[in-house]
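*Asks:* The chain contents come next:
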Amino acid sequence: MGQENLIEAIRAKLGDAVEGVSDSFGDAVLTLRSAAVRAVMAALREAPFEYAVLLDLTCVDFAAAEGRFELVYHLYSLTRNVRLRLKASLPAADPSVETLVGLWKNAEWLEREVFDMFGVRFEGHPYLKRILTYEGFEGHALRKSYPWRLEQPRIPLKGDV
Amino acid sequence: MSGLDFLTTRLETAIGWGRKFSLFHYPFITACCGMEYMSAACAHFDIDRFGAGLTRFSPRQADLLLVVGTISHKLAPVLKTVYDQMLEPKWVIAFGACTVSGGIYQNYAVVQGIDRIIPVDIYIPGCPPRPEMVLDGLLKLQDKIQHQKQDWRWARKT
Amino acid sequence: MEPLTRIQRDARPESMLLNMGPSHPAMHGTLRIMLELDGEKILNAEAEIGYLHRGFEKTCENKTYFNLLIYTDRLNYVSPLINNLGYVMTMEKMLGVTVPERAQLIRVLMSELSRVSDHLTCLAAMAMENGAFTVFLYMMKAREFLWDVIEFTTGARMTTSYIRIGGVRADLHPDWRGSLTTAIRETRQVLKDVSGLLDKNSIFLGRTRGVGAISREDALSYGWTGPCLRSTGIPYDVRKASPYLIYDRLSFEVPVGEFGDNYDRYSVRMREMEQSLRLLEQVAGLIPDAAPLSAGPTIEPSEAIARSRRQRTGERIRLSPNLEGYEKERLPGLVATDKPIAVPPKEDTYTTMEGLISHFLFFMSGKGIRPPKGDVYFSVEGGNGEVGFYIVSDGTDRPYRLHLRAPCFHLVAALEQLIKGRLIADVVPTFGSMNMIGGELDR
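Protein chains in written order, with our numbering: chain A, 363 to 523; chain B, 297 to 454; chain C, 32 to 474.
Isolated chain A, as found in the complex:
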């Protein structure tokens, strides 16, 4: 299935969920409305698309832009040997999106990581808890507003003034 056909098929199935389609250095990219993420993913997982693997989920903080947080999903289809990148923008204030837990099992940890690093909430996630940093860590480390070298020790350290 070529890329044009894929877009056609997704549009036919999900209406206006797809806001745009582009090509970045040879990778196919779909931009989604953030409200439709879960519905699109659920459809892409099934035939005829068969994107069976959620390869990766991450986020980018475009600090100045209107859609500040951009979620980036990478899907892989084992049967057709193609990758697909999907993006959805979230606003700066209270960014949240529907969870993918239930569709893919690794979504639970991937979403926890994005929550930890960016503070994006995933609606319906069963256990949205920090994963790489610790309880008591204030702020979200990968946000552009978080200073690179601001340490938050858990125990008193020698040499602290």
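Keep in mind that the hints were calculated from the coordinates and are not lab data.
Where hints are given, some of them may not hold.
Calculated lysine-lysine pairs in the DSS-like style (CA-CA distance at most 30 Å, straight line) [what the hints assert, rightly or not]:
| no. | chain 1 | residue 1 | chain 2 | residue 2 |
| --- | --- | --- | --- | --- |
| 1 | A | Lys506 | C | Lys124 |
| 2 | C | Lys94 | C | Lys359 |
| 3 | A | Lys491 | C | Lys451 |
| 4 | B | Lys376 | A | Lys491 |
| 5 | A | Lys520 | B | Lys445 |
| 6 | A | Lys520 | B | Lys376 |
| 7 | B | Lys376 | B | Lys436 |
| 8 | A | Lys520 | B | Lys386 |
| 9 | C | Lys451 | C | Lys72 |
| 10 | A | Lys506 | C | Lys94 |
| 11 | C | Lys94 | A | Lys520 |
| 12 | C | Lys94 | C | Lys398 |
| 13 | C | Lys231 | C | Lys72 |
| 14 | B | Lys436 | C | Lys172 |
| 15 | B | Lys436 | A | Lys520 |
| 16 | A | Lys491 | C | Lys72 |
| 17 | A | Lys506 | C | Lys398 |
| 18 | A | Lys520 | B | Lys440 |
| 19 | C | Lys404 | A | Lys506 |
| 20 | C | Lys271 | C | Lys223 |
These numbers were taken from a predicted model, which means no experiment stands behind them.
Chain A is fixed; fit chains B and C onto it per the hints.
*Replies:* Using the frame of chain A, we list chains B and C on its own:
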């Protein structure tokens, strides 16, 4: 009293000699340096030649704490607990640049040197240090143990 | 007081909670598993990661594309060269660079050496944790021989930073063939010995056969890749599915397992090492001997500088030992020279103004490698599976965002499910067979 002084010095030497060749070490391995620790412990470099071959995975049985690899702020309380659980006499080797100073990771997540958490006896720099460096560091520690002054207060109590 | 974790909240009052790690010999120092137990039986498990979170991604945003290469060494520190390769090839995809043939061959050679050392380390640790200490010593011995080959050429044992954007850092060491032959011979012997020790060993079989099994559907759903996915019977290998470098011209097989249990993960890794050794032999045959450097006297840089004040000299300038293999004459075979993406030849800095300026500009803040705007994803087959880099560029000399798709992360996410309902003793082989690498898992 000069005879007693002579005896004390000899006893110290004997204790130092005994201790330096029977280091039971606890490898607190977290990261990259662990690979070089493995190399140092195995056949090619063989840390056992210097009497430090016995690895103990319980801090209560160990007298040398080898902190191998980056210590993040999340892990810092664990390292402190492990050190506190060890019995005296105990020594600490900071293995690798991350434990010495935070190394190349000067950022929000990493403790800038484990001497901010626990006292350190020997620093082995390198990212990661080669096994030869590790052995050199171990020899330096043995030298230090040999010349360590004993605390005789326990003997005077009786 | 920290809030309760899920397992603490849901635990039945009569069951026992046990904490494994992070300071536990089998947890490699960086993972904590909380277990809810009924006797020896695990009712529920929760894994906590992040103990080796070193802020890799945040740091990369503050480093230039050239400087952040050293951080990629320390992701999967058992096979640093493959991480270098993943990052570098992602950048090359963005920059549109064609790498010289010789550099591609050297890259394959280095990746396969790293892959073998990765698998050796994984199986050595797994075997040791199951009580087979001899296997550990044997495999570490083989790894030393492989690292000798790497060290001869790159100058470092582990953290090499050898594969550079546009090519490789230096030419192979003059004696590389000898050390490679030794390494292959020794590794083969070790693999044979280890097979003899483990394959029919009833203790080992008892702890691995049928333990920690995962179905194909679950493995895919967890995003597994690499040897662990192949152990379930799915032959997905990035080197075959979307070949990079010259893998499409080499002949190798992708070993698969059947049940996806610990034993299959062990056996897939063992067979993969044999395939990697085959690849090493093929690549060694394809790499031509380096052309000898032009004859004639060489002069020290200081002398060249003194002479160039009077006239342009034709003599070859001797480089310092730590730049060996990066001679100007050899560069066209080692790095792409059509774009200013590799460190300019050092010799030029001594005698020509242009050379000095280009060298200076390469390292100057804001001037070095600057890819076009956009985002890119590229992946290579690492020791644990698909190592992918996602880089967002805003046109400056630093990445706006750099994300690593760590294969370990997805593997360890499945750990809780794999050990539920089994015994405590099964945690160790199951976890060992996954090859968790902290640097990659927590980044």
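*Asks:* Compare the structure with each hint and give your call.
*Replies:* Results of checking the hints against the structure:
The hinted pair formed by A:Lys506 and C:Lys124 meets the criterion: a straight-line CA distance of about 26 Å does not exceed 30 Å. Distance check on the hinted pair: C:Lys94 and C:Lys359 sit about 27 Å apart at the alpha-carbon level, within 30 Å; holds. With a C-alpha separation of about 21 Å, the suggested pairing of A:Lys491 with C:Lys451 holds against the 30 Å cut-off. Our distance criterion of 30 Å between C-alpha atoms is met by B:Lys376 and A:Lys491, whose separation comes to about 25 Å.
Restraint check for A:Lys520 and B:Lys445: satisfied, since their Cα atoms lie roughly 26 Å apart, inside the 30 Å limit. Note on A:Lys520 and B:Lys376: the hinted pairing holds, with a Cα-Cα distance of about 12 Å set against a maximum of 30 Å. Distance hint between B:Lys376 and B:Lys436 is fulfilled; the C-alpha atoms sit about 24 Å from each other, no more than 30 Å. Of the supplied pair hints, the one linking A:Lys520 and B:Lys386 holds, its CA atoms being roughly 20 Å apart against a limit of 30 Å.
In summary, the hint linking C:Lys451 to C:Lys72 is supported, as the alpha carbons are separated by about 8 Å, within the 30 Å threshold. As the CA atoms of A:Lys506 and C:Lys94 are separated by approximately 14 Å, the hinted pair is consistent with the 30 Å bound. For the hint pairing C:Lys94 with A:Lys520, the CA-to-CA distance comes to about 29 Å; that is within 30 Å, so the pair holds. For a cut-off of 30 Å, the pair hint linking C:Lys94 to C:Lys398 stands: about 13 Å separates their Cα positions.
For a cut-off of 30 Å, the pair hint linking C:Lys231 to C:Lys72 stands: about 27 Å separates their Cα positions. For a cut-off of 30 Å, the pair hint linking B:Lys436 to C:Lys172 stands: about 26 Å separates their Cα positions. For the hint linking B:Lys436 to A:Lys520, the alpha-carbon distance of about 25 Å falls within 30 Å, and the restraint holds. In summary, the hint linking A:Lys491 to C:Lys72 is supported, as the alpha carbons are separated by about 27 Å, within the 30 Å threshold.
For the given pair, A:Lys506 sits about 23 Å from C:Lys398 by alpha-carbon distance, which is consistent with the 30 Å threshold. Pair hint A:Lys520 plus B:Lys440 holds up; C-alpha atoms about 24 Å apart against a cutoff of 30 Å. The suggested pairing of C:Lys404 with A:Lys506 holds, with an alpha-carbon distance near 18 Å, which does not exceed 30 Å. For the hint pairing C:Lys271 with C:Lys223, the CA-to-CA distance comes to about 27 Å; that is within 30 Å, so the pair holds.
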